[in-house]
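S.K.: Each chain, letter by letter, is given below.
Protein chains: 2
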Amino acid sequence: MTDLVAEALAGRRRALARLLSLVEDDGAEAREALARLCSRTGRAHVIGVTGAPGSGKSTLVAQLAAAYRRRERTVAIVAVDPSSPFSGGALLGDRIRMHGVSADPGVYVRSMASRGSLGGLARSTWDVVQVLDACGYDTILIETVGAGQTEVDIARTAHTTVVIQVPGLGDEVQMLKAGILEIADILVVNKADRQGAEQVAVALAAALDLADASEAGDGAAWRPPILKTVATTGVGVAELADAAARHLAFLRSSGAMEEREQARMAERLRGVARERLLRLVLANAGPAAIEGLVARLAAREIDLYGAVDELLAAAGMDPASGRRAGVAGEPQRRDDRANG
Amino acid sequence: MTDLVAEALAGRRRALARLLSLVEDDGAEAREALARLCSRTGRAHVIGVTGAPGSGKSTLVAQLAAAYRRRERTVAIVAVDPSSPFSGGALLGDRIRMHGVSADPGVYVRSMASRGSLGGLARSTWDVVQVLDACGYDTILIETVGAGQTEVDIARTAHTTVVIQVPGLGDEVQMLKAGILEIADILVVNKADRQGAEQVAVALAAALDLADASEAGDGAAWRPPILKTVATTGVGVAELADAAARHLAFLRSSGAMEEREQARMAERLRGVARERLLRLVLANAGPAAIEGLVARLAAREIDLYGAVDELLAAAGMDPASGRRAGVAGEPQRRDDRANG
Chain E
1 MTDLVAEALA GRRRALARLL SLVEDDGAEA REALARLCSR TGRAHVIGVT GAPGSGKSTL
61 VAQLAAAYRR RERTVAIVAV DPSSPFSGGA LLGDRIRMHG VSADPGVYVR SMASRGSLGG
121 LARSTWDVVQ VLDACGYDTI LIETVGAGQT EVDIARTAHT TVVIQVPGLG DEVQMLKAGI
181 LEIADILVVN KADRQGAEQV AVALAAALDL ADASEAGDGA AWRPPILKTV ATTGVGVAEL
241 ADAAARHLAF LRSSGAMEER EQARMAERLR GVARERLLRL VLANAGPAAI EGLVARLAAR
301 EIDLYGAVDE LLAAAGMDPA SGRRAGVAGE PQRRDDRANG
Chain A
1 MTDLVAEALA GRRRALARLL SLVEDDGAEA REALARLCSR TGRAHVIGVT GAPGSGKSTL
61 VAQLAAAYRR RERTVAIVAV DPSSPFSGGA LLGDRIRMHG VSADPGVYVR SMASRGSLGG
121 LARSTWDVVQ VLDACGYDTI LIETVGAGQT EVDIARTAHT TVVIQVPGLG DEVQMLKAGI
181 LEIADILVVN KADRQGAEQV AVALAAALDL ADASEAGDGA AWRPPILKTV ATTGVGVAEL
241 ADAAARHLAF LRSSGAMEER EQARMAERLR GVARERLLRL VLANAGPAAI EGLVARLAAR
301 EIDLYGAVDE LLAAAGMDPA SGRRAGVAGE PQRRDDRANG
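Just so you know, the sequences run in chain order E and A.
Last residue of the first sequence: number 340 in my numbering, and the count goes up by one each step with no gaps.
Last residue of the second sequence: number 340 in my numbering, and the count goes up by one each step with no gaps.
Note that these hints are calculated values from the structure, not bench results.
There may be inaccurate statements among the hints.
So these bits of chain E aren't anywhere near chain A, every CB distance computed over 10 Å [unchecked claim]:
(1) P105
(2) K228
(3) E258
Some chain A residues well away from chain E (every beta-carbon gap over 12 Å; in silico) [to be verified]:
(4) D138
(5) T233
(6) A285
Covered stretches of chain E, going by a simulated chain A footprint (3 or more residues, C-beta under 8 Å) [what the hints assert, rightly or not]:
(7) 15 to 22
(8) 266 to 276
Virtual Cβ for every residue (Gly too), placed ideally from N, Cα, C.
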């Protein structure tokens, strides 16, 4: 275990792969490793890239990796696919090989999948990024499929979020939703050689103007640049790498970096605490109590919130105070919001 | 409050709208209402409809609602948009009006948004469906934008999940991912008058064959039918309503209904418990303790799992046992998985 961390830090790829699998699987060993690596993290520039299926995201990420290599930066690519049950390094092999970066020791590729748990995916993506950061990768590209809330949450683990749009994907209104603009630090119109690319860029600029007008007077704000790329030929990719560097410099000089770090940390702290607490309570209540509650829920004998009260009581907690039942002297309450 | 529930049950739409807002906002009153409505739930057929932006999902849902009305069933439509910050009834007005169902007292439309919280959206969608079910809507259509994990999770609150595919949305491989096939009870190729529709249907059938072969011998299994629709003209919509009815009959006769109910209930129980526990612990630890932990996390002085240990301790819990610190006699452990 100690050796695995030391070997990964020394640049041994097989050790890194095993360490990442360990971290994805969670557990005591993984936590020990992460605790050891903690002080070495915080150095990489983490860039999230998100966009709808068919937007050419994967090709753009591979090209971006090649661009960083030309700038002598090492790159790790974390490809997250919430819809796939498979994790590991192999899936992306062909794609990366195609772009000639796979044999390069300065590029490391890891694909990740949900394994059925949404909260788990955000947690494990975060942990995998910590390991890659500690192991010295200068730039970490997190690629997420789609632009749903999950992908948005995963993109939030990044310093810089790139949102890809393409012409001709139908319902442009969908793509201009406030949510997408809000998370974007850089907007990319990929497949810019296609008809309609200019219209997409114009629509994005108009949407940004609208957003700017509504947050009047925020002088230090970053306005997401709108870049055009053709990922298949590499057109515009160097400019994208430049824009990402400018964004990082902005984050550092404006104080937004610290704010973002604190927000990310608070979010991850809540996420991990939530899962840990549930596991503890389920373990303390025991499987029989849980099965009984589920059966009564399915029979409509009890509602969800009543069932949660009983679950906490079965785990030896006071459902209102969260303290051990019969120990804390607080009056009974059943309003969770009062504690929010 | 008592009046609101009684009025909603009596079919007063304004009372229903207010009750749904209450439930979306969470809190003690909402829980009281849900507890009262609990015994009246479990009667509606809940149908989830999901598909990528541009797949014609909204039009199909409106047409499906009209088809159910012709069969003299009342319909509630819950349109969930994880990327939008707005909830309420108004957004869908135009669309539904267009299809001539808005003036119909047998149709109720509600749009929902994330309000920034992913877990919250699954919770509130579930609760909104419970209210509509208790208020006597025969069919509840849950429409989700996109096909990310969030949408998949929301679709799981349904008995029957309809997944829409369309020709020409680019990367077909993306759409044939195991995840999408796994959640689909019915596959729809919408915009079937377009070029490439037959190829999409053939590809879906081939993917289903592959999936069938891998789960050899499961005699009682449901094979998702592949239907073609043109939502804009209504072609194929009656057949879709028929297929949904057949699926419900299958669930009931095969015993899968009970299984699905238990799985849904267990999932919701875990979801609500997770949020409640976090709120209790954050309240017990207090804001100063949390701010201190976040600052140390951002400074890399502590890792996430160590921070969670400290958070639980600050809330008066033993991080290993989940019991009140110093009360339980269990030995210290730091492996969450052992409790999973």
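S.K.: Now look at each hint and say whether the structure bears it out.
M.R.: Evaluated hints:
no.	hint	verdict
1	P105	holds, 27 Å
2	K228	holds, 18 Å
3	E258	violated, 7 Å
4	D138	holds, 17 Å
5	T233	holds, 18 Å
6	A285	violated, 9 Å
7	15 to 22	violated (count 0)
8	266 to 276	holds (count 9)
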